[in-house]
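Given chain G's structure and the hints, the job is docking chain P onto it.
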Amino acid sequence: MLPEAEFEHVLAKKYMRTEIMPHAFCPGCGLGIIERMILMAFEELGQGEWDRTVFVSGIGCSGWTPLYFRRDAAHTLHGRALAFATALKASRPDLNVVVVMGDGDSMGIGGNHLIHAARRNIGITAIIATNMLYSLTGGQMSPTTPEGARTNTTPYGNIEPNFDLMELLKAAGATYLARWTTYHFIQAKNSIKKAVKHKGFAAIEIVFQCPTYAGRYILNRPDPRDMMQWFKENSIPLGVAKNKSPEELRGKIIVGEYLHRTDRKEYTEKLRELEERAKGRGR
Amino acid sequence: MYVEPGTHLMQGDEAIVEGALIAGCRFFAGYPITPATEIAERMSRRMPQVGGVFMQMEDELASIMAIIGASWAGRKSMTATSGPGYSLMQEGLGYAIITETPIVIVDVQRGGPSTGLVTLPSQGDVMQARWGSHGDYATIALAPSSAQDMFDLAIKAFNLSETYRNPVIILADEVIAHVREPVKVPPYEEIEVVERRRPNVPPEDYIPYLPDPGEWVAPMPAFGEGYNVLVESVMHDEFGHRIGTDHVAAERTIKRIYYKIEKNVDKISMYEKRYMEDAEVAVVAYGSTARTALRAVREARNQGIKAGLIRMITLWPFYDRLIEETASQVKAIIVPEMNMGKIVREVDRASKGQAKVMSVPKVGGVLHHPDEILAAIKSAVR
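Chains G and P, in that order, give the protein sequences. Each residue of the first sequence is one higher than the one before, starting from 1 at the first, in our numbering. Each residue of the second sequence is one higher than the one before, starting from 284 at the first, in our numbering.
Rather than coming from a laboratory, the hints here were simulated on the basis of the structure. As the structure is a prediction and not an experimental result, all values here were calculated from the model. Any given hint could turn out to be false.
Stated by the list, open to error - For each label pair, taking beta carbons as the anchor points, the in silico distance ranges come out as:
hint	chain 1	residue 1	chain 2	residue 2	range
1	P	Val531	G	Glu248	53 to 63 Å
2	G	Asn220	P	Ile537	39 to 49 Å
3	P	Pro494	G	Asn220	50 to 60 Å
4	G	Gly48	P	Trp414	43 to 53 Å
5	G	His23	P	Lys538	24 to 34 Å
6	P	Arg628	G	Lys13	53 to 63 Å
7	G	Pro246	P	Ala533	43 to 53 Å
8	G	Ala24	P	Ile490	20 to 30 Å
Ideal placement from N, C-alpha and C gives every residue a C-beta, glycine not left out.
Bound-form chain G, shown alone (with noise of 0.2 Å):
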């Protein structure tokens, strides 16, 4: 039994519902450092903008991350989160909308509606955490498992490549984009301040520990310490990575801020402006 005071932790005091704690993450898992990242960053942005921010995730693990925020939050289906944040940000572009999915939920199932909000480039903050298989349903392949890996549907090691996230929506038209590791906590944090208050579609991919799966099967480090050391080791700076060979990046995780444009407007300000068109025309 953990003690009271387990809970009394300032951020989870001040921002979590700890009434329906403690979550259900297991031990060692990276969501909770995720959930921390998040947290800190509104911390550091301030009460009024956690004030008019709403959350929204899907299904798989990461889809429960922000349902301990104390904010309102939607748990949509499994891929569907972007469609109904995309509706509640075009109908309320007052508030922040901050969407959690994983990467099953973003680029497996739900890829059409990920690849549309970047192209619509609507002002959602969506943070994609990447931990390399299907955690909820046992540890299964998914988009982002390293090709030759074993996992519980590719007990041959996985045959098909991976898809990379900043080059899909890049090229999709987000216009903030960067990755990094539950390792990189201060750089993280730092992103999603910045995708907060970014006009336009904003995507961080945290590449997160699951002990429990990617470790025991794809890493072959079940302690999540070790997990950690492997993102520290294995990760290479964008800038850094340039000047590399894809030999040597093969395996690597590329961490950095890969994109911050402003060149794109935003698309709740271009449905004000069809709006302003719109009226006084006839029925």
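Relative to chain G, chain P alone:
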């Protein structure tokens, strides 16, 4: 802003849009599909004129999730589709049901299965409207028979969805969507519009899925109002908290969302009776088929047969009592439908063996000829 009171020549698709706007619809999301596209087209022009939002989504999975999101942003919202799109929407429909989100879905039925008969009418989706999404729930489905109905039932659908915090499906068909006929728009003050019941307690006292005493549903706040509501697709308790394997709490939630509709069938059901006072044979019909049925009933009367028509406007929840009473009055009930015989099963069940129930199926994408229904009436009284 709205279509002026008075009589207008309107297409069904046009009438449903104008009715929805008057009902307060301020968000529409859709994906082009024949024969429902005209609804999206008109919405794209009209919605921004009344300060609403129109969005063309990437698919129907997104369209229904978008209108659920907009509903939680405080906007009355609607989508329109046809068979293939309606099949995709079953996923989001379940989400609206478990989260008790008011939305209106228009299914302009076309012939199926699959891509099917793209431009031709059908009533093939009537059972899907009741049972299409997985799990146990109840639903409300209305069947318009004219452009006037498209206008009136759009308003009614929004009122019912707000009252019961439940999706409402308008089961139109290709004929009703494209028919162009006079539509009477009453003075605005005579139109009843039900507004969403908002919580009147402070956020710390608000329980999102616990109805007030004597009510079937809880008041519903919008996102961003400080109520910190959990819109939870996982089976949840009255607080929106997931309940894991607590089967008692799960049973309570499922039964409430089921009975809030089924126990209010008397209030929800709408129907029209024609020539039924002394009828010995009844035709039970809905949608565009009811128009053909009325012609057949009149022809039967001309030939001295005491025939009557029951036009079902509310298909779901199914009004057992109406059919049971009808069955106790007549010798036979004829059920013409543009499908292989679907609602006839419900009619047969509800009539409890008191009358002979005959199906007059029609598939292939064409309306019944009145003579086909007349022949059935004649064979019933022979």
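Consistency of the hints with the structure:
Against the hinted window of 53 to 63 Å, the Cβ-Cβ separation of Val531 (chain P) and Glu248 (chain G) comes to about 58 Å, which satisfies the hint. The beta-carbon spacing between Asn220 (chain G) and Ile537 (chain P), approximately 44 Å, falls within the hinted interval of 39 to 49 Å. Under the hint 50 to 60 Å, the C-beta atoms of Pro494 (chain P) and Asn220 (chain G), about 53 Å apart, fit the expected range. At about 47 Å, the CB distance of Gly48 (chain G) to Trp414 (chain P) agrees with the hint of 43 to 53 Å.
Remark: the range hint 24 to 34 Å for His23 (chain G) to Lys538 (chain P) is upheld by a beta-carbon distance near 29 Å. As the Cβ distance of Arg628 (chain P) to Lys13 (chain G) is approximately 57 Å, the hint placing it in 53 to 63 Å holds. Between Pro246 (chain G) and Ala533 (chain P) the Cβ separation comes to about 51 Å, which falls inside the hinted range of 43 to 53 Å. Against the hinted window of 20 to 30 Å, the Cβ-Cβ separation of Ala24 (chain G) and Ile490 (chain P) comes to about 22 Å, which satisfies the hint.
Going down the numbered hints, you'll see the structure goes against none, and every one checks out.
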